[in-house]
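Novice: One letter stands for each residue in the lines below.
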Amino acid sequence: MTDLTSLKISEIRDGLKAKDFTALELTDSYISALEAARGLNAFVKETPEQARDMAKASDERLAKGEGGALEGVPLGIKDLFATKGVHTQACSHILDDFKPVYNSTVTQNLFDDGAVMLGKLNMDEFAMGSSNETSYYGNVINPWRRNGSDAALVPGGSSGGSASAVSAHICAGATATDTGGSIRQPAAFTGTVGIKPTYGRVSRWGVVAFASSLDQAGPIARDVRDAAIMLKSMASHDPMDTTSVNVEVPDYEKALTGDIKGLRVGIPKEYRVDNMPAEIEALWQTGIEWLKARGAEIVDVTLPHTKYALPAYYIVAPAEASSNLARYDGVRYGLRVKGDDIADMYCNTRAEGFGDEVQRRIMIGTYVLSAGYYDAYYAKAQKVRTLIKGDFDTAFKDVDIMLTPATPSAAFAPGEITDPVQMYLNDIFTVTVNMAGLPGISVPAGLSSEGLPLGLQLIGKPFDEETLFRTAHVMEQDAGFTARPDKWWS
Amino acid sequence: MSVDQSTVRKIASLARIKVDEEDLPRLEGELNSILKWIEMLGEVNTDNVEPMTSAVHMEMKKRDDVVNRGGCADDIVANAPLSEDHFFAVPKVVE
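In the order they appear, the protein sequences are chains A and B. Just so it is clear: in the first sequence, position 480 is 480 by the numbering used here, and no numbers are missing. Just so it is clear: in the second sequence, position 14 is 14 by the numbering used here, and no numbers are missing.
Note that these hints are calculated values from the structure, not bench results. Check the hints yourself; a few may be wrong.
Quick partial rundown of chain A residues pointing at chain B, CB under 7 Å, derived from the structure [claimed, not checked]: (1) Y199; (2) G200; (3) V331; (4) Y346; (5) R360; (6) I362; (7) M363; (8) Y367.
Using 30 Å as the maximum straight-line C-alpha spacing, the simulated BS3-like pairs for lysine-lysine come out as follows [stated by the list, open to error]: (9) A:K269 / B:K36; (10) A:K389 / B:K62; (11) A:K8 / A:K64; (12) B:K10 / B:K92; (13) A:K461 / A:K261; (14) B:K61 / A:K84; (15) A:K307 / A:K292; (16) A:K389 / B:K61; (17) B:K36 / A:K307; (18) B:K18 / B:K92; (19) A:K389 / B:K36; (20) A:K254 / A:K64; (21) A:K45 / A:K99; (22) A:K397 / A:K269; (23) A:K99 / B:K18; (24) A:K8 / A:K19; (25) A:K84 / B:K62; (26) A:K389 / A:K269; (27) A:K56 / A:K45; (28) A:K397 / B:K61; (29) A:K8 / A:K84; (30) A:K461 / A:K307; (31) A:K292 / A:K269; (32) B:K92 / A:K338; (33) A:K461 / B:K61; (34) A:K19 / A:K254; (35) A:K307 / A:K389; (36) B:K36 / B:K10; (37) A:K487 / A:K19; (38) A:K17 / A:K84; (39) A:K338 / B:K18; (40) B:K62 / A:K461.
Just so you know, even glycine gets a beta-carbon here, dropped at the ideal spot from N, CA and C.
Build out the structure end to end from the sequences listed, making use of the hints.
Specialist: Listed below in C-alpha cells is the structure:
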C-alpha cells in the first residue's frame, strides 16, 4: 500500500470515496509520521486521541454516503486559532494554559466539513516574526537543507509550523495567518503553496488578534488545488466579524481551468529592488516566460509607493498590536506574575509573559500612538497606506493580476539575521498586499543554487481569488516543482 | 525623531511592561534603529491625502441593540488565573 501521508487532499478525497483506505488508517499514518518528526518542532500540541475520534466519526459518515468537502482530511491548526478545550496560546508564555471555550469560525468551518485536527502548530509569538525564532516553544526547523549541508534552516514565519508540517508531509494541509507575509513567505521557504485571501474573505473571529486591519487567515497546502479546496471551507461570511464581507464563496477548484489566454499580467517595476539576488531575478523572468507562452499578455506597471509600504507597516502593525495586546494583563486569562499592587502585577506579568520581539513591537506601537506623536507617525502611515492602495487601484485598471517574487532570498539559518530591521525586510514583496487588503498567493517555482525552494507571488484584485488560483495552477504545471527534501528527520 | 532612555522608560510604563534599568540602553538602540528607518516616510508628500481607515470599502455592519448571547459567566471566567463567584479576582486596589 502507498504511504498514505504522500496523498494530497484531492487524492484523499478520491481514496476515501473509493474505500481504498479509511479515515482512521489515514489519521493513524499521520500520527506516526508527526511523532517521528518531532525534531522539526512543528507541533506544539499533538491531539492524537481527538484526531482518532474525529477520524472514526468521519468513517461513520462516509459509510452512510455522507461527508463534507474535507471529510477525514488530517490538518494541522496554527496555534493562533481558538480550538475548543485545546491549547491555544499564539505560542506565547503569556497565554499559559489558555483553553478556549469555543472554536474560531475558521476551525469550526473546517470541522463542519469533516476535517480532522492532528494538533496545534508552532508559530512566531503572536505571529510577530519572519523566521519562527520568536516562539515561546522554540524554533521550528525547515525540512529543507542546503545541498550537502546538515545545518538547520528556518521555515520562515510567522506560520513556520504550518509550512514545515505541510512540507514534511506530517499533515495534509494547515491553517495559517498572514499580517505582512506570514503565509506566503514560509510557503516560499518550504516549497508549499500559501494564499492570503482578500481582507474580509475569511472570518477573524476566534483568531488571536495581532494587527486587526491587516490580519487574514488562509491555508498552506501542498499544491494549488489543495489550497483551493481548503480556502473554500475556511472562507465564509460571519456576523461575528464586522469586517467579514458578505460575498458568496465561489467553488475555487472550478477556477482551475488551465486557460489564461488573454490574461493581462502586470510586472511592477518597483519590485526590482537593489541587491536582489540574480537567481530571484532569473526566476521572476522565467515566470514571465511561462505566462507568456500560455497566451497571457505581459504589461509593465508602476506602484510608485512600494518602498514605503514596509516602514508604514511597521507603524500601523505595532500600533494595532499594542492596542490588541493590552488585554494580556494577568486578570482574565493566562499567566499572572505577582506584584506589589495591581499595576505592578500588570507590568511584571507582561515583562515575563511577552518575548523580546513582542515587547519591542508593543513599545513601538505605544510610542507612535502616544500624545504628540500620533500625527507624525500613525496618521502619516495611514495616509501612505491610502497612496499604496491607490497605486494598486490604478494599476489594476490595466491588468488582471500581477507577478512578483515572493521573497528576496531562500531560507536562511537560525541566528543568521539578528537586526530587527533586516528581519523585517523579508516581507518586502508581501507586505504591500496586506496594506492594500488584496489577495496574494505564493507558488513554488524553482530551486536556488543551493537546492532550496524559491517562490513566485501572484497578486489579485479584491475578491478575485479565482484568477489567482487559475494562474497559480498554470504556473505550477509549468514549474513542475516535484523536488522533496531528504527525509532526515525520521 | 529619536528616543532617549527616559523616553524608553516612559513608553515602557505606558505599555505596562516592567523594564530593568540595565536593559534601557539595548532598547534605546533597537527602538531608535526602527524609528530611524521609518522616518523614510517623511519623503512622501501626503498633503490632501485621507488616512486609510478600512482595508475594504463596506458599510459598517449594525445589529439590533439586544442581548444576543449571555448566561455564560462560567465560560467567561473559565480561564481566569483567579476568580470568585464569577468575578475576576485581583490584588486589592482600594484600601
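Novice: Hint by hint, which ones does this structure get wrong, listed from lowest number up?
Specialist: Going through the list in order, the structure violates no hint and respects every one.
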